[in-house]
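Engineer: In case you want the letters, here they are:
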Amino acid sequence: MKEMRALIAVEAKLLFRDPITWLAAIALPSAVLLIFGSLFKAEPDPALGGQRWIDLFVPSLLVITLGTLGIQTLPIRLATYREKGVLRRLSTTPAHPARLLAAQLVVYIVTALIALVLLVVVGHLVYAIPWPGNPLGFVVAFTLGLTALFSIGLLVAAIAPSNRAATAIAIPMFFAVMFLGGVYLPRTMLPETLQRIGDLTPPGVQGLQDAWLGSAPQLGPLVGLAVVTVVLGAIAVRAFRWE
Amino acid sequence: MNVIEVTHLTKRYGARAAVDDVSFSVEEGEIFGILGPNGAGKTTTVESIVGLRTPDSGDIRVLGLDPRRDRERLRSLVGVQLQESQLPDRMTVGEALDLFAAFYGDPADPRRLLDDLGLAGQRGTAYRNLSGGQKQRLSIALALVGRPRIAVLDELSTGLDPQARRDTWDLIESIRERGVTVLLVTHLMEEAERLADRVAVIREGRIIALDTPAGVVSMVDPEQRLRFWPSTPIDDRVLTDLPEVRSVQHAGPTVVVTGTGNLIAAVTAVLARHEVIANDLRVDQASLDEAYLELTARPSTRLVKELS
Numbered sequence: 000m001k002e003m004r005a006l007i008a009v010e011a012k013l014l015f016r017d018p019i020t021w022l023a024a025i026a027l028p029s030a031v032l033l034i035f036g037s038l039f040k041a042e043p044d045p046a047l048g049g050q051r052w053i054d055l056f057v058p059s060l061l062v063i064t065l066g067t068l069g070i071q072t073l074p075i076r077l078a079t080y081r082e083k084g085v086l087r088r089l090s091t092t093p094a095h096p097a098r099l100l101a102a103q104l105v106v107y108i109v110t111a112l113i114a115l116v117l118l119v120v121v122g123h124l125v126y127a128i129p130w131p132g133n134p135l136g137f138v139v140a141f142t143l144g145l146t147a148l149f150s151i152g153l154l155v156a157a158i159a160p161s162n163r164a165a166t167a168i169a170i171p172m173f174f175a176v177m178f179l180g181g182v183y184l185p186r187t188m189l190p191e192t193l194q195r196i197g198d199l200t201p202p203g204v205q206g207l208q209d210a211w212l213g214s215a216p217q218l219g220p221l222v223g224l225a226v227v228t229v230v231l232g233a234i235a236v237r238a239f240r241w242e
Numbered sequence: 000m001n002v003i004e005v006t007h008l009t010k011r012y013g014a015r016a017a018v019d020d021v022s023f024s025v026e027e028g029e030i031f032g033i034l035g036p037n038g039a040g041k042t043t044t045v046e047s048i049v050g051l052r053t054p055d056s057g058d059i060r061v062l063g064l065d066p067r068r069d070r071e072r073l074r075s076l077v078g079v080q081l082q083e084s085q086l087p088d089r090m091t092v093g094e095a096l097d098l099f100a101a102f103y104g105d106p107a108d109p110r111r112l113l114d115d116l117g118l119a120g121q122r123g124t125a126y127r128n129l130s131g132g133q134k135q136r137l138s139i140a141l142a143l144v145g146r147p148r149i150a151v152l153d154e155l156s157t158g159l160d161p162q163a164r165r166d167t168w169d170l171i172e173s174i175r176e177r178g179v180t181v182l183l184v185t186h187l188m189e190e191a192e193r194l195a196d197r198v199a200v201i202r203e204g205r206i207i208a209l210d211t212p213a214g215v216v217s218m219v220d221p222e223q224r225l226r227f228w229p230s231t232p233i234d235d236r237v238l239t240d241l242p243e244v245r246s247v248q249h250a251g252p253t254v255v256v257t258g259t260g261n262l263i264a265a266v267t268a269v270l271a272r273h274e275v276i277a278n279d280l281r282v283d284q285a286s287l288d289e290a291y292l293e294l295t296a297r298p299s300t301r302l303v304k305e306l307s
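Protein chains in written order, with numbering that gives the first Met the number 0: chain A, 0 to 242; chain B, 0 to 307.
Hints may contain errors.
[Stated by the list, open to error] With a cut-off of at most 27 Å between alpha-carbon atoms, the simulated BS3-like pairs for lysine-lysine come out as follows:
| no. | chain 1 | residue 1 | chain 2 | residue 2 |
| --- | --- | --- | --- | --- |
| 1 | A | 1 | A | 83 |
| 2 | A | 1 | A | 12 |
| 3 | A | 83 | A | 12 |
| 4 | A | 83 | B | 134 |
| 5 | B | 134 | A | 1 |
| 6 | B | 134 | A | 12 |
None of these hints come from the bench; they were simulated from the model.
In isolation and in its complexed conformation, chain A is listed as follows (with noise of 0.2 Å):
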């Protein structure tokens, strides 16, 4: 317990040490809102089943701090950790690397989960977004989203040869991401067939998005990203090398 509290300690101000990559994950997403709150008249868009715009767009902010963490921090940072020799130094400690591992995971989620109750808090507070309408509905399909991606920067951890490949690996994979969520175009402006892989691309922005309303997120997908982690999860598990 007292190694893994250290550890998260470590990685929390070796995380707060790089503030482009914190400045990313928590403040970006509610930036961009301000930014285009400002830029264009949030009005009910009959288009949009009477919803304004700005009420749709959070989830697709969200997927800025979840990219940001899982399939670039996390890759980049662990196999960096890799390439300089720290997790086989570790491996010489009775600490074992899966801990530093876990202690990353942790950071990552508390960072998120800030990012998160910011974004919402700002939108509420400037645009008067309401609260999410279905919470217990939202948080789940946050938490799926988030293991999912996370087990995609994971795995890229564990096939990268080198922190040059993870980084050429993981940078397009965050645009196609980004894409597919809705980050730089809205969503309902994606053709249809991008629109429906974008529901089941993790973080599954779909379900955020419906949950945000206040249905319920649609199962399928949900059960997808599920299966995403766990599959993914497990080869990553297998392929890590830890030197």
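Position chain B against the provided structure of chain A, taking the given hints into account.
Structural biologist: Relative to the frame of chain A, chain B by itself:
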């Protein structure tokens, strides 16, 4: 008591045997050097000892335990400083030591350890801003923070300047004084000669010599050289008649005598008999360096002399 016992250790990578039938044992409290050129199999040997590699055959006991099966228990008993293992760039010295201290049940006091290692002023310095010598000392501190019974140090003075190297050597001696057994891997003769109680010289995966540093030197019976400035001229034949002397040369007023065996005693005795004073007498003693070069350059004869 032997704290490390290696018997018939063999490890292959493909068709090549990186370690080929290596056996030795390390006694409690000694500094044992593993010496050899790059690629001789030193690192593979120690990595097998600390459980990072699985040998193809042979047996290893560390404190009576099997490094693979009992790896969990050994991790808290053996402190390891690995070649080429770094820390995250932004981690500070103090954080690294506190973190590693948290891994052990009864760690050393991190602050005192930093003082002892001359890193007290670097507590708040990020890893990437440390000099090579400071990184190396931090790495040694991390290997010692768990109060290990055995410290394994792989190429610890690589990349250090001469002063930092000497400081590190003093440090290793102080580690031994704490009762820690030290397994030292090095390709530097000077380091082995200065620190090690016994050395195993490894070449192409095999032990070619296993003895005290002085013993290894004597195995090759290398040439010695005496230089002096005689108070009165002396006939060369007086010296060349000695069975120990191989040649006599003159460099200005200085006489240079080369030979083997107990050269100094023979030459000084004969000079005294002729009432010649050897001014400014210097002895170029053969070093482990030369012995090592000779040993590792020889065709693959085996010269193992076990001290059991």
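Engineer: All hints are to be evaluated individually against the structure, with a verdict given for each.
Structural biologist: Hint by hint, here is what the structure shows:
1. A:1 to A:83: 25 Å, holds
2. A:1 to A:12: Since the Cα atoms of residue 1 (chain A) and residue 12 (chain A) sit roughly 17 Å apart, the hinted pair holds (cutoff 27 Å).
3. A:83 to A:12: 19 Å, holds
4. A:83 to B:134: 13 Å, holds
5. B:134 to A:1: 25 Å, holds
6. B:134 to A:12: The hint holds at about 20 Å.
The structure meets every hint from the earlier list without exception.
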